[in-house]
Structure formats: C-alpha cells, structure tokens
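Using the sequences and the accompanying hints, generate a full structural model.
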Amino acid sequence: MSTPLLSVENLAISTIQDPRVLINDVTFEIYEGEAVGVVGESGSGKTLTALSVLGLLPRGVGVTQGSIKYNGIDLNAISSEEMRKIRGSEISMVYQDPMTALNPVMKLGKQLREVIESHEKADSSTDQRVRDALLEVGIPDVARAMESYPHEFSGGMRQRVMIAMALILSPKLLIADEPTTALDVTIQQQILALVSEERHKRNMSMLWITHDLGVVANLVDRLIVMYAGRIVESGTVKEIFTNPQHPYTYGLLSSLPTTADKDRKRLTSIAGVPQKPWLVGQSCAFAPRCFKAAPECSSTIPQLVGTLEKSVSCFHPIEANI
Amino acid sequence: MMSRKEGGTKGGVHYYLQSTSGIIGAILVLIMVIGALCSAFGWLPHDPLNQNVDDILKGPSGKYWFGTDQFGRDIFSRTLDGLRRSLTVSIVAVSIAASIGVTFGILGGYLGKWFDMLVTRLSDVIFAFPAILLALAIVSSLGNSWIDTAFSIAIVYTPIFIRVARGPVLAVKEMDYVKVSRILGYSSPRILLKHVLPNVTAPIVVQTALSLSWAILTESGLSFLGLGTQPPDASLGLMVSDAQSLAAFAWWTLVFPSLFITIVVVGLNLVGDGLRDAWDPARRSS
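These protein sequence lines map, in sequence, to chains A and B.
Remember, our numbering sits 208 above the position in the first sequence when you count from 1.
Remember, our numbering sits 531 above the position in the second sequence when you count from 1.
In short, the hints are calculated from the structure, not lab data.
All values derive from a computational prediction rather than experimental measurement.
Backbone N, C-alpha and C fix where the C-beta goes; we use that ideal spot for every residue, glycine too.
Any given hint could be a false lead.
[What the hints assert, rightly or not] When the alpha-carbon atoms are kept at most 27 Å apart in a straight line, the in silico BS3-like pairs for lysine-lysine are as follows:
no.	chain 1	residue 1	chain 2	residue 2
1	A	LYS315	B	LYS644
2	B	LYS710	A	LYS380
3	A	LYS409	A	LYS277
4	A	LYS329	B	LYS710
5	B	LYS594	A	LYS293
6	A	LYS329	A	LYS318
7	B	LYS710	A	LYS484
8	B	LYS710	A	LYS315
9	A	LYS277	A	LYS315
10	B	LYS644	B	LYS704
11	A	LYS318	B	LYS710
12	A	LYS277	B	LYS644
[Claimed, not checked] Examples of chain B residues toward chain A, derived with CB under 8 Å:
no.	residue
13	ASN675
14	ILE714
15	LYS725
Next up, the structure:
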C-alpha cells in the first residue's frame with residue numbers, strides 16, 4: 209500500500225505534573241479508506257489516543273514522545289491555529305453522547321452552519337449544503353429540522369445531526385468515539401449502518417473507538433487491542449477473531465456472549481482488574497492476570513512485533529488453535 | 532445579552548407573562564419610564580427649576596399635583612425630572628458595569644489560569660468595601676457630574692457581574708457541546724460568543740434588572756448625602772434630603788420623591804423575579 213493517511217509512531221502521553229505515563233509506545237497506521245478499530249477497557253488509553261490525534265488532550269496531559277503524522281504533516285509540530293483548521297475539516301469526530309453534544313440554545317440549522325463558517329467563508333450555497341447534509345444522514349423534514357432546537361429531537365436523531373456536522377466538510381479521517389453507547393440498541397444499529405455507509409461512499413478513513421468488540425467486528429478492516437496504555441495486539445479483524453494470540457485478546461473474545469451457545473454456560477471473565485499504566489514498570493502489564501505468565505513477563509516489556517496483518521506483543525503468544 | 536431571541540426557547544415573553552410579579556413589575560417600571568421620558572421631552576406641567584414665591588409649600592392641588600417645595604417649585608415636575616436623572620445614571624452605570632463585568636467574568640472563567648486569578652482577586656478587593664462607602668469615596672474623588680456618579684456606581688457593581696458571569700462559564704465550558712465545538716475546529720472567539728455566552732445569559736439578565744434597582748438606591752443615597760446631583764437640579768435622593776426638615780408640616784415634599792424611589796426599586800426587583808421565573812426550566816414546566 210501507499211503511504212498511510214495517519215501514522216502514529218511510538219506515541220507516549222503522560223501527565224505533566226508528577227509525571228504518570230498514560231500511553232506508551234503506541235504505533236499504528238490508518239491508510240486511505242481504511243477503518244481501524246481500537247478496543248480496550250476504560251483507562252486503556254483509547255480515547256486519549258484519539259484526542260491526541262485531534263490535538264485536544266485535556267489540560268495537564270501532554271505528548272512526551274513520538275509523532276503523529278497526518279498526510280505527511282507532523283501534528284505535534286504545527287501551531288494551534290493550523291491544528292484548529294485541520295480539526296473538523298480534515299479530521300473530524302463523532303462524539304459519544306448526542307444528548308449533551310449539541311448547543312441547547314442554538315437551532316440545528318445554525319449549528320451546522322457554524323461548522324462551515326468556522327472553516328470557510330459562508331456564501332449562498334451554505335444553506336443548501338446544510339440541507340443536503342441533513343438529508344444525507346436521513347433526517348426527515350429537513351426544513352423543520354433546521355429550525356428546531358436540540359431538545360425537540362430524540363437521541364438517535366441528534367446523533368444523526370452530530371454525524372452530519374462531522375461530515376459536512378468531507379473530512380478524510382473520521383474518529384468515532386463510541387458513538388452509540390448512549391443510544392437504544394435498535395437505534396445503535398441504524399447509526400452504525402449510517403456511519404459505515406457514509407464511509408464507503410466517501411472512501412473515508414475511520415478510527416473507531418469502542419470497548420465492544422461485537423460492535424466493531426463488521427465495521428472495521430483492522431483492529432488494535434489496547435491494554436494499560438499499550439497496544440497488545442493488532443491485525444485484521446479476521447486474524448484477531450479467528451486467531452487471537454495475546455492472552456488478553458483471547459480473554460476478551462472468550463468473554464463475548466454468543467447466540468450459538470445453547471448450554472447457558474457462564475460467561476468467561478478475565479480474573480483481576482486492569483493495571484494502571486503508570487504503575488506497570490518493566491514488565492508486561494497483563495502479566496499479573498495472564499494464565500501464560502512466565503518469569504520474563506514480569507521483568508521485560510514485550511515489544512509489538514509482526515506485520516500489518518498481525519502483530520502481537522507477547523513472549524508466549526497463544527498458538528493458532530486448529 | 533440581547534441574544535434572547537436566538538438564545539432562548541420559543542415564547543420567552545409568554546413565559547414571562549405567566550409570572551404575576553413579572554407583570555406587576557413591568558407595569559410599575561413602564562409607568563416610571565414613561566414619567567422619566569416625559570421629563571426628557573420637556574412635557575412637564577411646570578419648569579422644575581422655576582421658583583414661584585407666591586406658591587411656597589402649597590399642598591397637592593389641581594395646579595400643583597404633588598404640591599410645591601420651600602421655593603415654590605412644582606414637586607411633580609421635579610420628581611419626574613429627578614426620576615429621569617436617577618434612571619439615566621443607573622442605566623449608564625449598570626451598562627458599564629455589565630459590559631465590563633461580563634466580559635472579564637467570561638474571559639476569566641473560560642481562560643482560567645493567571646487571568647482568572649487576577650480578575651477574581653481584583654473583584655474580591657472591590658467586594659471587600661461596602662457598596663455605598665466605596666461609591667462615596669470614588670465619587671468624591673472623581674467629581675459631581677452625573678457621569679462621575681455613573682462611573683463610581685459602575686465600579687462598585689462591576690464585580691457582581693464578574694461573579695455572575697464567571698460561575699456559569701465554569702460549568703458551561705466543561706459541557707460536551709463546548710468540547711464538540713473544539714473538536715470541530717471552531718475558533719475560541721466563536722466558541723465564547725456563540726456557544727458559551729448565550730448559555731450564561733439568564734443569570735446575567737436577571738442580575739442586570741436587580742442591579743438597576745440597587746444602582747437607583749445608591750444614586751439616591753449619594754445625592755441624599757450631597758454628592759452626585761447638585762442643587763438646584765432635582766434628584767430623588769436630593770429631594771428626600773431637602774424634605775427632611777420640612778416633612779413635619781409639609782408631608783408631600785417627602786412622600787412623593789420617596790414613593791417614586793420605592794416604586795422604581797420594587798418594580799425592577801419584580802421584573803428581576805419575573806425574568807428569573809421565565810428562565811427557570813423547573814418553573815416553566817409546571
């Protein structure tokens with residue numbers, strides 16, 4: 209393949225005062241038109257990774273190492289004004305909770321205009337673009353929607369508006385940070401289908417962030433599994449699902465409920481709780497919970513080795529089970 | 532502050548009119564404003580400065596509706612003229628205080644760090660002095676023209692607006708929709724003006740109505756003490772001050788200016804209540 213659209217290399221993020229490492233040695237690429245899913249538990253650093261791509265790390269947290277390159281531009285090196293121009297137009301994001309993500313006192317049509325006006329001069333075509341964007345995401349009665357306030361809309365409809373806002377400037381990379389967790393299950397499927405459809409139509413690259421492996425399986429090309437601020441395994445969806453090599457990935461997959469399971473067995477769980485990234489030290493972060501842990505796991509940090517199709521950072525990966 | 536139409540839900544006026552105190556307050560304030568406007572356009576039955584030696588300390592009558600004072604001046608005309616002066620000073624003072632206070636309050640709340648420290652500490656210092664005492668000190672060092680009075684009252688009331696604006700900004704800037712505006716690449720001025728400010732207007736507008744009534748009291752207090760408006764010009768506070776010694780045998784000299792002060796202050800307070808009710812979603816739904 210050609211050069212990646214987004215390439216993150218050896219990224220490390222930590223708090224500025226009383227340094228605590230939150231993300232360490234994260235390396236991944238997203239190619240044009242490709243969708244990559246990042247899965248991991250709360251605190252594994254997946255949201256932080258996404259925010260660092262947008263240059264919007266929370267106050268008191270900073271990139272300490274590594275680079276984030278978008279289209280050849282080093283995002284850590286450019287000014288905040290240049291970064292602002294990229295946000296929303298080149299790299300956009302659909303936010304988790306549509307109930308609170310829209311300005312409650314601004315009409316929806318106006319809010320969509322805001323996105324355009326922030327990046328371009330508004331002209332006579334702006335209103336038409338707003339209408340088209342709303343139509344595109346399946347909002348019925350666009351004229352009325354533009355004159356409505358967010359509280360007049362349901363969660364699913366608001367998430368559609370959020371997606372319209374994220375897509376209106378045709379970004380090349382869309383980040384979706386668990387865009388369906390706040391929605392009903394039936395609405396979830398519609399929203400996922402909508403985003404997926406838009407991605408294929410626009411040949412847009414995507415970064416899906418989720419803690420739900422089941423959600424992303426059909427939506428992404430490759431998966432990255434994060435644990436305690438590091439990538440433990442990455443590869444194509446097929447490889448990860450059929451041949452998980454890292455004990456953590458294996459554990460995650462075995463804890464998924466399946467409809468094929470007719471014996472009503474108890475769901476498998478991974479014993480223990482996730483380690484705080486800054487407390488890990490010179491060892492594999494998963495070692496305390498790992499059923500394959502060996503002495504070297506507690507004394508050396510395993511490196512992520514492998515190809516784009518499949519990489520794992522483990523001294524004792526699970527052999528392919530045939 | 533004026534983005535009510537854009538900023539609020541439909542029918543803001545409708546909600547305001549559901550509040551009885553709001554309606555009464557609006558009527559009282561409207562009557563007072565019309566009275567002040569009559570004075571501004573010169574539609575008064577008598578010249579407020581014209582002394583009439585034949586009609587000294589006459590009680591209320593068909594000719595002099597509120598009676599006359601010790602110089603034979605028409606108290607009705609003087610009350611309206613004083614009302615105009617008090618309202619002008621208060622409106623100018625509160626406009627200055629609100630624009631400066633809201634600007635700094637919002638910037639302080641949004642930017643945080645040292646700027647916020649500076650703004651809050653400065654307002655704490657001003658807060659430490661009793662309002663009337665501070666206004667007295669400032670006006671006596673500035674001068675006695677009405678604009679000086681307005682300035683001194685503005686300085687005294689600015690910190691209140693800083694606080695009223697800053698508090699909600701602290702909450703609003705952590706809201707998801709503000710985070711989303713950053714994610715979508717809005718510029719900081721745009722976020723502040725179009726996404727933060729409209730969401731903090733409610734307390735600011737209520738505060739404006741209440742501050743107007745306090746400012747009228749402060750202005751009256753200052754002119755009562757001999758600062759601010761100077762004789763022979765009329766001012767409500769000055770008229771009350773002059774009437775002190777006359778009230779025992781000419782009650783009308785004291786009652787009418789005092790009554791006007793009371794009506795304006797009560798009216799503005801009721802308007803403040805009405806605005807608060809109109810904006811309060813909990814009261815709205817009921």
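Results of checking the hints against the structure:
1. Under the criterion of a C-alpha separation no larger than 27 Å, the hint pairing LYS315(A) with LYS644(B) is inconsistent with the structure, at around 32 Å.
2. For the suggested pair LYS710(B) and LYS380(A), the alpha carbons sit about 21 Å apart, so the restraint of at most 27 Å is met.
3. This hinted pair checks out: LYS409(A) and LYS277(A) have alpha carbons roughly 25 Å apart, not beyond 27 Å.
4. Between LYS329(A) and LYS710(B) the CA atoms are separated by roughly 23 Å; this keeps the pair inside 27 Å, and the hint holds.
5. About 72 Å separates the Cα atoms of LYS594(B) and LYS293(A), which puts this hinted pair outside 27 Å; it is violated.
6. Under the criterion of a C-alpha separation no larger than 27 Å, the hint pairing LYS329(A) with LYS318(A) is consistent with the structure, at around 15 Å.
7. For the proposed pair LYS710(B) and LYS484(A), the alpha carbon gap of about 26 Å is at most 27 Å, so the pair holds.
8. Proximity of LYS710(B) to LYS315(A) is assessed by CA-CA distance (about 18 Å); at most 27 Å being required, the pair is judged to hold.
9. For the given pair, LYS277(A) sits about 36 Å from LYS315(A) by alpha-carbon distance, which is inconsistent with the 27 Å threshold.
10. At roughly 14 Å between alpha-carbon atoms, LYS644(B) and LYS704(B) fall within 27 Å of each other, so this suggested pair holds.
11. This hinted pair checks out: LYS318(A) and LYS710(B) have alpha carbons roughly 17 Å apart, not beyond 27 Å.
12. Using a Cα cut-off of 27 Å, the hinted pair LYS277(A) and LYS644(B) is violated, with the two alpha carbons roughly 31 Å apart.
13. The restraint placing ASN675(B) at the interface with chain A is violated, with a minimum CB-CB distance near 43 Å, outside the 8 Å limit.
14. Taking 8 Å as the C-beta contact cut-off toward chain A, the hint placing ILE714(B) at the interface holds, the least distance being around 5 Å.
15. Hint on LYS725(B) holds. Least Cβ distance to chain A is approximately 7 Å, under the 8 Å limit.
Violation of the numbered hints given earlier is confined to hints 1, 5, 9, 12, 13; the remaining hints are satisfied by the structure.
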